[in-house]
Each structure stands twice: as C-alpha cells, then as structure tokens.
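Given chain A, put chain B in place with the hints provided.
Below, each chain spelled out in residue letters.
Number of protein chains: 2
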Amino acid sequence: MEIRTILVEPKLDENIGAVARVMKNFGFSDLYLVNPPDIGEKAMYVASHAYDVLRACEIAGSVEEAIENSVIVAGTTSKHGISTNKHLRMPFFSLQQLKEKVEGIRTGGILSILFGSEDTGLKNEVLMLCDIVVCIPTSPSYPVMNLSHAVAVVLYELSEVDGGMAAASGAIKLASVEAKERLFMHVKTFLDEIGYKEHKKEKTLLMLRRILGRAELTVREVQTLRGILRKAEWKVQMENFYKD
Amino acid sequence: MEIRTILVEPKLDENIGAVARVMKNFGFSDLYLVNPPDIGEKAMYVASHAYDVLRACEIAGSVEEAIENSVIVAGTTSKHGISTNKHLRMPFFSLQQLKEKVEGIRTGGILSILFGSEDTGLKNEVLMLCDIVVCIPTSPSYPVMNLSHAVAVVLYELSEVDGGMAAASGAIKLASVEAKERLFMHVKTFLDEIGYKEHKKEKTLLMLRRILGRAELTVREVQTLRGILRKAEWKVQMENFYKD
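Protein chains in written order, with my numbering: chain A, 1 to 244; chain B, 1 to 244.
Source of the hints: derived by calculation from the structure; they are not laboratory data. Among the clues, some could well be false.
No copy is singled out in the list; a pair is fine if it fits within one copy or between any two copies.
[Unchecked claim] Taking lysine-lysine and the DSBU-like style, the derived pairs with C-alpha atoms no more than 35 angstroms apart in a straight line are:
1. Lys123 with Lys201
2. Lys42 with Lys11
3. Lys42 with Lys123
4. Lys243 with Lys99
5. Lys123 with Lys231
6. Lys123 with Lys197
7. Lys188 with Lys101
8. Lys173 with Lys101
9. Lys99 with Lys203
10. Lys123 with Lys173
11. Lys42 with Lys197
12. Lys231 with Lys243
Bound-form chain A, shown alone:
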C-alpha cells in the first residue's frame, strides 16, 4: 500500500519541516497539509535534506479533500479512556495491528494517516471520517507527543526500509555449530596444556560455552579466537621447551 501522511491544521511550520524529514528518513514522500500555516524558512531549515518532500506537499482545504482516493483512513490519537460506548474511537488499533492490517491488504491503494494539530489533536468530526483509530501507547503522566515525534513512531512502524540491515546481516555469517564445537575442543585442549585444574575444568568449559553461545559468534570471530589459542599454545609449548 502507498502511505499518505496528512497533517490536519498543523500550527507550527517547523513541525511540518520535521515531519517531511522523518518521512524521507523512512522512505515516504506523500504529504498532505490541511489548512497549514505559511511554510517559511524555519520549515525548510528543519526539513533539511527533505526539502523535496516539503516542496512536493499538497495543500488541501478540507480533510475530505485530503483523504480522496484512500482505501483506508486511519486517525491517530494518544488519548486515554476509550470506552466501548464511544463508537467514534472504535475500532481501536495498536500500531502493530495497523501494520498487520496493511500487510494483509494485497490489493494496494492509499492508506491515509491523519495527525491532528499540536494543541487539540484530531477533533471528533475528523475522527468520524476515519475507518480506524490508531493509538500510540504513551505514559498517562504525559501522553501528548510532539507532532513530528508521533509521525516518526508511526512511520517507523510502517516503514519497509530496512536500511541495509538485511544486506549487513547477510554479510555477517554466524559460525556453524561444528565450527563452534571445534573451538570448544580447542579450548579444552588448551586448558590441558596450561595445566588447568582437572576438577574445575568441566564447569569452566560449560561456562565458556554459555558465554560464547550468548555472544552469537561469527565465522570470522571463531577464526580469530582460534588464532589467539594457537598463538598462546605456541608460547606455552616454547615455555615448556625451555623449562624442560
């Protein structure tokens, strides 16, 4: 699905700039503004390298105009105390549920996400236009988020950008069970070679196994550790040689 970010009557143009920036960070560009203030230098400055997103934004005179052609309209809120009687705020989705819903829809189309103004949030008449209402879970002691922070969190959750994570984790090969087993055998031999106390050996080996297990060793790290052991073994043997 395409994701459209709609700011409904934002008050501060710097927030609009900040929203443009975080949209580009997460790979989005479809920005609509409903009755925004004048967008000045401050917004451009805050948008930074996302001035293209800011420049290409659409200005709408009403929410109805902004959500045109949308397949789903989602309103965002961080308000508490939703009751079953208030159909207005129902159905009530978490961000994960919204993400699952979006992933489940294979037909494509536009998902419009509405964010209210800094002071009032989305008004009831706007919430009435929404198919679903999404809540960002925040602390009761201070539930009201900064506008661009709210957008950041929602778009982070919906982003399909993986930031090269897949490539990076593909490049990093974890060591096989066999390679790790050979490392442990090497460690065991080494403990013998340095004359480690027999009655302590088993426990120590288990501990090392746990530590190295938790560390999720890569192929390269196992190689390096075995290199260190070989180097140490060689030193120990030389030592023994001179001692003898």
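Positioned in the frame of chain A, the structure of chain B alone reads:
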C-alpha cells in the same frame, strides 16, 4: 532493566528539550548529557510538560562517566555499509533484537543508550565503548535522522507503557462465535422476510459473513445490528399487514 538515555555532545539545546519530552511520553526519566551546550529557554519550551526530566538530567564530562554502572552500553547509528571486518560496529542489532535482549535479561541493571551529536553521530572512539551497536533502519536516500526522532523511535520500541491499551481492549469485548452466528441467522430470516431472491441468497449471505468477519464485531455492535434488523422486520411486517 532501567533505561538511561545518553546524549553525547548534542549541539542544539532545543533537541535536548525534545528528547526530554519524548522520554516522558514513553515513561522514561534517566537522562545524561555529555558536554552539552547551555540549556536555555528554548529547551524548556520544547520540553513542555517534561521540564522535570530536563531539570533532573545529569551532566557528564565524558562518555565513560555517563555509562558508569551500566550493565549494557548500546550505541545507536543509522549508518550503512557495515562490513564484517569492522569489529567496531559489531555485533550489529536491530531495535527488535535490542528489545528481545533487554527482555531476556532478568537480572536488572542499567541499559545505557548513546545517541551522537546532530552533525557527526557517535564517533568511533565512543562506539568502541559500546557492547552493542543498534541500527535504526532508514532510507539510503536520507539516512540521517533528527536527534530527537531517533530517540523517539528507540524509546517507543523499548517502552513498556501500554497507554491504557490493555485496559481499553479489555473493556471492548469481541462478539462470540455464537452471537455472530445468531446474527447471521437473523440476517438470513430477514432476507426471506424482504423477499430477497432465492438464487442470490446464499452468495449474499456468504459475502455478508465475510464483511462482518473482517470487521471483528464487538458484543455491543452485534446487539446494535440485531436491533436494526428487529426494527426493520417490524416495519416490513407492518407493511405486509397493511398490504394484505
């Protein structure tokens, strides 16, 4: 685990204020600043109701001082092109992996999360002090996030605040299979009553079942729908009565 947010040499005091705000939004309060600028009115204004977090922040002269007593030190980066050879940026965690790691540690203690300055991010000498490096997945066309946005996304992922979501979803009872079945039988009867064409009925009922199935009806909504049906049936019967 306790989570400590550490800003390493932030440049703009308004970003510090924005970080304080989002920390409080997600239920955190432990803020450390390493060599920050003077914190002026702008920061207090942006922090808004999180002035308490801002006021209680600790100023440290070095990263070493700020991470003292931490059990895990995590550095954040949005940089790409991590290679296996760069041990500096290894092991390399996604935010979800960091969250799983934190949840897996039952012994408690402080998890320190480091965020670099607006222009350079975390420098290599700071990354060397980190146990793990966490990457926020961002678009290659604009990977560099605003400082407070990066904090927002990381703390959102690690937050245990549920914003009353559990209570709200507990209050909203989904309709049982039986209640929905009774609703469908009611609809079926109604179609008969309004003289819906026999050869279309089966398909239409299936379609209605799918639509209402997708809608995840609550107990209350099923009641309301049946109320509408009863009202309509009554009207239809009156109609038939006068017609006869």
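Going down the list of hints, with the structure as the test:
no.: 1; hint: Lys123 with Lys201; result: neither (69 angstroms within a copy, 41 angstroms between copies)
no.: 2; hint: Lys42 with Lys11; result: both (13 angstroms within a copy, 18 angstroms between copies)
no.: 3; hint: Lys42 with Lys123; result: both (27 angstroms within a copy, 29 angstroms between copies)
no.: 4; hint: Lys243 with Lys99; result: neither (68 angstroms within a copy, 52 angstroms between copies)
no.: 5; hint: Lys123 with Lys231; result: between (70 angstroms within a copy, 32 angstroms between copies)
no.: 6; hint: Lys123 with Lys197; result: neither (73 angstroms within a copy, 43 angstroms between copies)
no.: 7; hint: Lys188 with Lys101; result: between (52 angstroms within a copy, 29 angstroms between copies)
no.: 8; hint: Lys173 with Lys101; result: both (33 angstroms within a copy, 20 angstroms between copies)
no.: 9; hint: Lys99 with Lys203; result: between (46 angstroms within a copy, 30 angstroms between copies)
no.: 10; hint: Lys123 with Lys173; result: between (51 angstroms within a copy, 26 angstroms between copies)
no.: 11; hint: Lys42 with Lys197; result: neither (69 angstroms within a copy, 64 angstroms between copies)
no.: 12; hint: Lys231 with Lys243; result: within (18 angstroms within a copy, 103 angstroms between copies)
When the structure is compared with the earlier hints, violations turn up for hints 1, 4, 6, 11 and for no others.
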